[in-house]
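Chain E: place on chain F using the hints.
Those protein sequence lines, which keep their order, are chains F and E. Position one of the first sequence corresponds to residue 0 (numbering that gives the first Met the number 0), numbered consecutively onward. Position one of the second sequence corresponds to residue 0 (numbering that gives the first Met the number 0), numbered consecutively onward.
Worth double-checking, as some hints may not be accurate.
What the hints assert, rightly or not - Residues from chain F shown here face chain E by an in silico Cβ test under 8 Å; the list is partial:
no.: 1; residue: S1
no.: 2; residue: R4
no.: 3; residue: T5
no.: 4; residue: L8
no.: 5; residue: S9
no.: 6; residue: G19
no.: 7; residue: A23
no.: 8; residue: A29
no.: 9; residue: E33
no.: 10; residue: T158
no.: 11; residue: I160
no.: 12; residue: D162
no.: 13; residue: N170
By construction, these hints were calculated from the structure, which means they are not laboratory data. This structure is a prediction, so every number in the text was calculated from the model and none was measured. The beta carbon of each residue, even a glycine, is placed where N, CA and C say it ideally should be.
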Amino acid sequence: MSALRTAVLSVALLVAGGEGIAIATDGFRAFTTETARRLAVRRRPVGLPAVPLENQSGVAFTVDDLRGRWVLVDFIYTRCLTMCAVLGGDFSQLERQLAEPIARGRLQLLSVSFDPAHDAPADLASYLTRFRGHGPGWEAARPVAEEGLKQITTAFGITVIPDQLGGYTHNAAIHLVDPAGRLVDIYDVGQVELVTRSVLDRLTP
Amino acid sequence: MTAQMLVQIPLLIGAGCLLAPVVPTRVPARIHAWNQGGVAGLILATLVATFWMLPRSLDASISHPLMAAAKHLSVPLLIGLPFALSWPKMGFVVRGVLLAEVVATFFRLGWLYWVSPIRLCNNYGLDDQRRLGAYMLVLGGGLLAWLGWKLLMGRFDSGAPSPGSLPPATDHWEWTPAELSPEAASAYEDARLRGLCHEGALEAALGAAQRLPIPTASHPPPALSRPAGARVPSASRSGK
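Here chain F stands alone, though its shape is the one from the complex (with noise of 0.2 Å):
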């Protein structure tokens, strides 16, 4: 009798745990929060905050005023040598490749720098100038308040943290912001092919 209660309760547990596995992991998809980044964003785009940004200029100007555009987002720190520097060579071979609908005003490449203490107007400037960024097309931003870092990384699901050499290790990837300033999908660093096709399959009717 008791050999048979507790197979009942075995094949339950059973049943229950597998269930609740599946749905921890998006259906056994994805077992890291990066992936589950992703997946949620493309089941449910992510509404982004009105955040207050300042440019390579000293222009002021917030998240919202990017509507009406498609926006391809990263995030850097100027001072990185390795990620950020992959994603600049990533967003510099976009911003050619995508030349034609930034030029018609259909696209925006903005980076976000994660470290606003370090990166000054000028520090934004020079880390387009070191990828050739030539602007308009391609803006780097620096949030204007400590809440305004906040938000923005929460809304867009980045984490970093401080590695032992004095600078940051965080998720790298390139964003892509619809005209109603919703995070519709999110790509790997060096997937700039495949962001290119999504792009203009989205920008043709």
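Just chain E now, with coordinates in the frame of chain F:
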């Protein structure tokens, strides 16, 4: 990452295990009917442990206070406590499978963390992840060596299950001290105190019982209540 997986979570599991002795005795008695051989408790502990081994869960327990609270409650109460209540009921095979699986998990995850070029947790750096992987490989190796040693040296203690938790003994290796005659039981206790394993102590107890002097009227013969047809321990097994 290393600190969370190899220090914090094991300590939380340990805290849950420490709760087991203070659980009122009627509780284990009641759940026993649903936990024969400790199987259901083991499944519960394993499933919850699986959840807390997901990189996502580790990340979330740092980023979200609610997940941190869930971890601090569920790891002791749903892993440590059921494990501690179930382990004494588990048979040799279940324990062996569990331990082999623990070793395999240390190797699998350790290898993954060690070689993965991508960070699995947004809250931890790659160097931390690699260090965790290396430590897990070393720990898995150590555990495997210890298991191998226990198996080879024949000192793998299958435990003396508490009376009533076993099906009727069909083999003398499964006898519990309560089923022995008083003399044999005390010889068994002595043998266990001398450091012998369950089987070794049983053999010693059976041997002692056979050597006992003439029974008295007030004291029944020391012959054991051995089921008919059960094997007498043979000398060939004493080397175990």
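- Hint by hint, which ones does this structure get wrong, listed from lowest number up? Violated: none.
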